[in-house]
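Engineer: Residue numbers (our numbering), protein chains in the order written: chain V, 1 to 233; chain A, 1001 to 1486; chain D, 2001 to 2089; chain S, 3001 to 3498; chain Y, 4001 to 4098.
Warning: the hint list may mix true and false statements.
Here chain D is said to cover these stretches of chain V; the calculated rule only asks that three of the stretch's residues, wherever they fall, bring their Cβ under 8 angstroms from a Cβ of chain D [as the list claims (entries may be wrong)]: (1) 114–127; (2) 177–184; (3) 199–212.
Here are the in silico distance ranges between beta carbons for each label pair [as the list claims (entries may be wrong)]: (4) Asp2024(D) to Leu105(V): 29 to 39 angstroms; (5) Thr3031(S) to Ser1363(A): 34 to 44 angstroms; (6) Arg4(V) to Thr1025(A): 20 to 30 angstroms; (7) Pro177(V) to Gly4090(Y): 54 to 64 angstroms; (8) Ala14(V) to Ile3288(S): 51 to 61 angstroms.
It is worth saying that the hints were derived from the structure and are not from the lab.
Beta carbons are placed, not taken as given, at the ideal position from N, Cα and C, and that holds for glycine.
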Amino acid sequence: MSLRIVSAALLCLAVTGALAWAVLDRPLPEENLPERVAAAMPESGVDHPVTAVLLNFRSYDTLLEIAVLLLAVVVALALREAQPDRPEQMGLENPLLRAVMAWLLPLILIVAGFLLWAGSYQPGGAFQAGSVLAAAGVLLRLAGVTTAWLDNATLMRAGLALGLLTFLGVGLLVMIPGVPFLTYPLEYAGTLILLIELTLTLSIGLTLISLFRLTPPYADDPDEAREQQGKTP
Amino acid sequence: MIGLWSVPLLFALPLALGILSLLVTPAWRPRLIFVGLPLLAVASFDVLARLVVEGPRIYELGGWQAPLGINLVVDGLAVGMILMTTLVASLCALYARVYLRDYPPSSSFFWPLLWLLWAGMNGIWLAEDIFNLYVGLEVMGLAAVGMVALRATPQALAAAMRYLLAALLGSLAYLLGVALLYATYGTLSMAGLHEAAAPNVTTHVALALIILGLLLKTALFPLHAWLPPAHGGALTPVSALLSALVIKASFYILMRIWLVLGPEVTPIFTAQVLGVLGAGAVFYGGWMAWRQHHLKQLVAYSTVAQIGYLFLFFPLVTGTGPEAARLAWDGTLMMLVAHALAKAALFLSAGNLILAVGSTQISHLVGISRFRPMSLFSFGLAGVSLMGLPPSGGFTGKWLLLHSAILSGQWWWLIVLFLGGLLSAAYIFKVFRMSFREGPQIDRSVTPPLTLDVTALILASAAILIGLTAHLPLFWLRLGSAFGAG
Amino acid sequence: MPWLDLLLGLTLVVTAGMALAARDMFRAVVMFIVFGLLVALAWVRLQAPDIALAEAAIGAGLTGVLLLDTLGYLRRPFGSRVDNPEERE
Amino acid sequence: MTWNALILFGVLATSLVASAVIFLLAESRHTTRSVFNLAAAVLKLLLVGWIVWGVYQNIDYEFRFTIIEGVDFILRADALGMMFVGLSSLLWLFTTIYAIGYLEKAPNRSRFFGFFSLCVASTVGIALAGNLFTFLLFYELLTLSTYPLVVHRGTRESLRAGQVYLYYTLGGGALLLFGVVALHVLVGDTEFVPGGVLSGLDPSLHPLLIGIFLMMIIGLGVKAALFPLHAWLPMAMVAPAPVSALLHAVAVVKAGAFGIARLVYDVYGIEFAFSLGLLGPLAVAASITIIYGSLRALAQDDLKKRLAFSTVSQVSYIILGISLFGPVGTLGGLVHLLHQGLMKITLFFCAGNYAETLGVHKISELDGAGQRMPATSVAFTLGAFGMIGIPPMAGFISKWYLGIGALEAGMNWVLGVLILSSLLNAAYFLPILYRIWFRRRERLWCEGKVLGRFETSGWLLLPTLATAAFALIAGVLAGMPFSPLYWADLIVSREYLP
Amino acid sequence: MSSALVFAWSGVLLFGLGLFGFIAHRHLLRRLLAFNIMGSGSFLVLIGLAQDGRGVDHVPHAMVITGIVVAVASTALALVVFRRWYRASGRTDLPEDT
């Protein structure tokens, strides 16, 4: 066994042991956060506590989290431009899959819409809906459906940016009466959260699709790719 | 009223600019700095002015009090770091605008990454919530990884990958520590933790995990292996940003959490271990820096060494008297700020020298003092601060740390400061020796654009000046901290 | 003693172990996707259906697809390799 | 900020600003640079004259601001400091003139004069420092600003010398830093006060104080070239002649000796240092260095090397004087700070003149140089006589007071050291004089270049003659007001009175 | 032992297991798998411990959703870099020494 394995094993044992001890010896907290959440629910503008935490109480975390997602796309875009890929030719013309897609797609969109709308009072929300949207996008590509708007870089980027920009914009606009960042006025809280969620869903969906698409495609001979890039700027 | 605006603008503005720079054409991306830098500078100084006039305060995001909501802490430490970031990042941005012109268009993705990095850092400086810190760390970390990968050469990609793995492992360890703390205290707010923290096994394990995770991100010896390829191989403005600011963020979090948990919880033994690791970093990093043949690798190893000084904070602040602790706080922060300014200047001027001779080899710098005196002068000024020679921020910081070490009777840290200074002199003067040598010279010497030299010189001069005018910044940095009264 | 949960927890660990130990990379990724779905189940047991949805869709689903996609990429041999393109500095 | 503080700062600023402007000037603008440099030197001299008059009349000149809590940056003009400032600013003017001539047509002049001015600025800072912190600040700055001068030629040899110089001075500086911080912990901001600030401390701390003293003496002794910390000085001879003059007469070794004077008189206090028993060992160390330096000088054939070892020996006269407990010994030591500077710079100028004009570096090649270069050789002779201590030269005054001081302090053995070293001085200087004046020229000098109407370039000759004249006058007119002796007497009366 | 605690324990084990894999493996994809397993482990610890004996707590739920999204973003970024690295070097692991 190599030194690497041995040290990994030792470290793993040490960490697991320490964690076990920590779990066993744990005192119970005095602070009761769930109670506070429950008490503040009426002022949150939504009925589902997780959504309230995600988009109201701790909405700042969510804002930064969207930035993390965006970052992954930015890096993928940057690397793609640095190492040009050959134009994508993924997926095959598959009539059967296309036929299925014609059925499936509306269904997926309905599910996404439902998840989004449900988020305000039961499990669901922007992230789940967004990932369902992304699934639709992935399926579309696998079926070989070339959608012009997905290849339009500007439109795509606008879509990516929409969620975060709306979030930021709302966060800043609500400050006009002289309250801190992201303080929604009670009467509009529900609407604003829904607006943010709607745009976030779209952006998250597009982000996830982009992450899938921006990796180097299969048929990948770099030299050939560079030639191709030269021909079709 | 305006004061409410400048705090969120510190992260909202860079976020917005990050998105906008994605939407505009590559040629327009650099130009956004002419909107962004002045606005951020105004916001930073507004926050400082309010801190000085109205004192430190808590900013309740969404109007929700901690522990329910997320709060921001606007105290001297946070504001000091914000100003440092504004200064260093602005100058690096001005540098990059000129520097990146020679690079392929893909390098224009530097700009969205820069803004997001900035947002992440400002988020970290202001954070009062330990989970929010996790998210901030991820924003900053992924942006930094992206910047390292930007050159897309195999070396850059390998360095980025290594960096990413270290960053991810570090974040997870931190997150698990946060999970344990939440399980124990039911709150994520630092104020709440400060109230409730008690010495028990769970807290100690959580602290250990947080320390390990953050050490990995700070690249403290012996967890530094990812740093030299990442910092030494990146584009010059990226190297400067990463070495000057990014590694400071994880140290900053560690410092905050250490003080939040308080002397009851933080064991003296751990503090001494951290100090010993810091000493190891000073020696190992200095030795390795001296052995390098590539200029930017030398500077990168110098960062490994300088990080070590910061970790003397823990033994000097834990279990010592109030006066020694205050001096340790002052000294560490002085070191931190001085290193940020000096290291950025060192990387930028090293980049200029490399640009001038067209080679990264130190041995190709023969006789360069005759052709690029200004680049070399910036390099020298920054070097003075890194060596801890007066008059410079590095010296003032060293003075304060020495004072604290003597006052708390921990004379063994004196050896670290003594040998560390000599080691850094050895590697800085290694470059100088070459540049003063009159020998067979390179036949071409490119003159870099003036902006590149001026930005480096401003940073280097700032590293010197901060040492002479340390009184006021140190006073501001103490506002709202446990050492505020002194 | 919640036996069902104990079983699920144990299965989680075993699946994870298999994902890490699998000799074949494809097998490892498939095990990982199974692991993700089991974690989603665990979230349901922990009365966290929101996380279960997110885990199934993002954690298992998207990560799995990305990993599988990468795996396909690795398996396809490609011709020439890039020599360091235009080293600068 | 008061007018007086501003003037004081102006003394420092003249050379600082000069250095900054010179750095920024393009390499090719030689005339502008020279004019500016000389103007700054003259302006500084005027300001110094002004302040010297003020200090004589007991006017306070102080400039201070807070750096960190409990640590101030203080510039203050007192009699001791002004002596050093006067010396360095006078010699700066002459060395600048000399260097302009010496470096004509040489490369890297912008860098040279920039660091040269910075070096003088640090020296002035050392002299005017009002507390240990400020002293340390300029002390290290001096190290940094002299390094580029030492390695100026860029040859392998000079780079090596520069490295050795750094090893010694940075190591010494670090020790000094520890000492300063330790004293700071004990008594807070250590401002220089006649009589010292430490005598009130608890006796249990005395061993610690002795340790700190030792550490700081080592730190300062490196620059003062105290045996066995002197090795860098002869190696640094590879630098151009004006740099040697700077190292030996104006700035570096003087900074070390001056620092020891500050430490003994104004930090520990001479009486407290005496009661701790620190002065005896210091006197022994100084005596060993005096004899050792002279012996080594005897063996050198390289003229500049011989002068360098002579410096090692002569600077320790200053330290010897400091370590003699009693006003007369102090007087002898302090006055030698000035005298040695004037005499040694003359000798180095002469060595430079020989080297530049005749291409002669070795003593054995100097035969008959007196006929070819009479003026330079007269100056050299005056300097050498001074060093030996022949009346009425300046060196005689120093040795006379040192001798009496030794008797007064009850250290009679010091007298033996003085006599022995004077004999040795004679032994290594007289043969040179003999060769210059009384031997016929044996080999050809490489006199390729015509340097001017005089025996050598006027830029080189004028400062040489001027400093030689000063060295002569300082001895002959020692009894006049504002002579070095007079000023040293003023210092002694102020140090010993309180 | 509540069911929450059971999952906390399996989270502990998962974290340890993942850590082992993360360090022991050299293949970058395997290391990413290990990273994701560690992530799931720490999420389970977070929720399991928070809910042990105190009922449902929605705050960590939101934190875990955030964490999952961050993890997928990190994984995606890592895969992007990894694929570029593989394309440039033909290696699936990192060179041992820099």
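Engineer: If a hint holds in the structure, say so; if it doesn't, say that too.
Structural biologist: To see whether the hints hold, each was checked on the structure:
no., hint, result
1, 114–127, "holds (count 5)"
2, 177–184, "violated (count 0)"
3, 199–212, "holds (count 3)"
4, Asp2024(D) to Leu105(V): 29 to 39 angstroms, "holds, 34 angstroms"
5, Thr3031(S) to Ser1363(A): 34 to 44 angstroms, "holds, 37 angstroms"
6, Arg4(V) to Thr1025(A): 20 to 30 angstroms, "violated, 47 angstroms"
7, Pro177(V) to Gly4090(Y): 54 to 64 angstroms, "holds, 60 angstroms"
8, Ala14(V) to Ile3288(S): 51 to 61 angstroms, "holds, 59 angstroms"
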